[in-house]
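Protein chains: 2
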Amino acid sequence: MKSADDIILLSHGGGGTRTSELLKSVILPVLDNPVLAKLDDAACLSLPSSELAFTTDSYVVKPLFFPGGDIGRLAVCGTVNDLAMQGSKPRYLGLGLILEEGLRVADVRRVVESIARAAKEAEVEVVTGDTKVVERSAGGGLFINTSGIGIRRAGVDTHVSNARPGDVVIVSGSVGDHGVAVMSAREGLNFQAHIESDVAPLAGMIGRLLDAVPGVRCLRDPTRGGLAAALNDIARASSVCVRIREQAIPVREEVRGACSLLGFDPLEVANEGKALIVCGAADEERVLAALRADPLGGEARAIGCVTADPRGRVLLETALGGERMVDVPTGENLPRIC
Amino acid sequence: MKSADDIILLSHGGGGTRTSELLKSVILPVLDNPVLAKLDDAACLSLPSSELAFTTDSYVVKPLFFPGGDIGRLAVCGTVNDLAMQGSKPRYLGLGLILEEGLRVADVRRVVESIARAAKEAEVEVVTGDTKVVERSAGGGLFINTSGIGIRRAGVDTHVSNARPGDVVIVSGSVGDHGVAVMSAREGLNFQAHIESDVAPLAGMIGRLLDAVPGVRCLRDPTRGGLAAALNDIARASSVCVRIREQAIPVREEVRGACSLLGFDPLEVANEGKALIVCGAADEERVLAALRADPLGGEARAIGCVTADPRGRVLLETALGGERMVDVPTGENLPRIC
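As they're listed, the protein sequences go chains A and B.
Using this note's numbering, read the first sequence as starting at 106 and increasing by one per residue.
Using this note's numbering, read the second sequence as starting at 106 and increasing by one per residue.
A portion of the hints provided could be inaccurate.
Repeated chains share a single entry, so a pair holds when one copy, or any two copies, can fit it.
As the list claims (entries may be wrong) - List of simulated lysine to aspartate or glutamate pairs, DMTMM-like, C-alpha gap at most 25 Å:
hint : residue 1 : residue 2
1    : Lys167    : Glu205
2    : Lys225    : Asp399
3    : Lys129    : Glu228
4    : Lys143    : Glu389
5    : Lys129    : Glu226
Hint data in this document are derived by calculation from the structure and do not stem from the laboratory.
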């Protein structure tokens, strides 16, 4: 039989002694830093600049633990990557935990430990946080919100509206791994080949890319909606046509197989450790070299180019030499992937 | 029969066309500002200072709408007040919505409109956001995370560790209103007297207080765990004894009645529009005058004082002249109040 200390109770979210015990036994020893340890309602920060990037994301992925990652690692990497894609250096995270009554305290600890490891890897600190508890339901046990502050790099503008005809489109590695890993774990599918999520913090790789090529036009992480959504964002915001070649897009064989089995398009499946880069044609080799110098960008490839027309569209040259339009996914197929 | 457009579907959280439709029809027209409208993964901000306060809080209150407020107003005010109590001017909010499948789109719109009104009242802007959808469950329909950035005032330190023997303890108005209003709405209690939540943004009042008396020692908003938790935070962090007089603590008659009926201690019930202030005895009158000049502080009163011993304790002088210790609440009684 479990003792009350082993599972989350509603009173752990009441703001009293039980909340404080949970913080002191499970959260603070793991996310150890002097600002958070003060347990103030807001963290006081002295930043080296007042030019900031600010972002927030909630994570509701089910299951909480999946091959290659877990909701904690995902929450850190997703927010860090949003800041990095804006051309900023991620610095501080806020962590909001919503726990479901009945959740195992051991699982909370495992998630918080994963958050700490990912934060260290990404060189960010969790400086403020909040914990709430809701009644037991089918909710899946644990939601995480991470908000983040980054310092913007001077002279860098990586907005999705900057693509121009003649530019090159590059992806930092294979697509579809995260979504397929989560869906496989959720459905209890046992593919012969083990598929792992690519969830990883990209700020280091992107920082070195921007050191080498500060004039990169656009950066985007193809998360929810996958490559299809990210490319459409660029085509629309820049009012250009993005043309990609199916044969150039790196998709692992086992991911392609799983997608075909599950009825997904690998271009629409979420990635959590990949960057999409648009750069001038003259910068292509330098961008590829900078990405490939990083373990997370070893498989970086040019997958297409930018033309003027048809404006706002993404066109795919198929393996057979045909052409089809890549639409924005409707979002019907892949719920709770991040 | 409801059309699919009337209720939230899992696909509204998929990051594709449905997510985009929801944002464009329900959220962006209401939270209208140029930074948010860019729909970037992170907001780019140029702040007037690099000395910041940063905070995050999740809101899981049930029911979503209660007398005097709703989860949207609460989410804005709670975060704004955390920043204000740190002696900073709240500026920017990040908004994370977790919607439950089956929630009425009209309710989402109502909450977002309330967020917009509260943000305007508090003079903050929602500059970044995220929307996720989870399966239908007993979750209660809607969770909100608000993260916030404020600019710290130079020369102001309102930390809970600053109280000293001889200081005065002041509360900006009656306590217990928020928690009792929410519990009454949840339990369907129909008290003869209508009890409304006090949820309000305090940044304006606190800003004017700090203009008048920059040397205020401690500021705290007595939210979860109520006055009891906030006073214990001060007593422990400052290593002093906080002594309060029961007869001096403003509690509305109807709140006192409802607490006695429901078995709650008004000192342990959450407030969402009240500030607790500790100041030097010489500043008492100026603090009271500054608070009372604001509509939200009209009932401000001194409720006690700070002594050296017993360190770390909160003592209450009862109406009958006795004395009892005020403990940190356990958090057993009032779940999902904020």
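To see whether the hints hold, each was checked on the structure:
no., hint, verdict
1, Lys167 - Glu205, "both (13 Å within a copy, 14 Å between copies)"
2, Lys225 - Asp399, "within (17 Å within a copy, 45 Å between copies)"
3, Lys129 - Glu228, "within (23 Å within a copy, 35 Å between copies)"
4, Lys143 - Glu389, "neither (47 Å within a copy, 27 Å between copies)"
5, Lys129 - Glu226, "within (23 Å within a copy, 36 Å between copies)"
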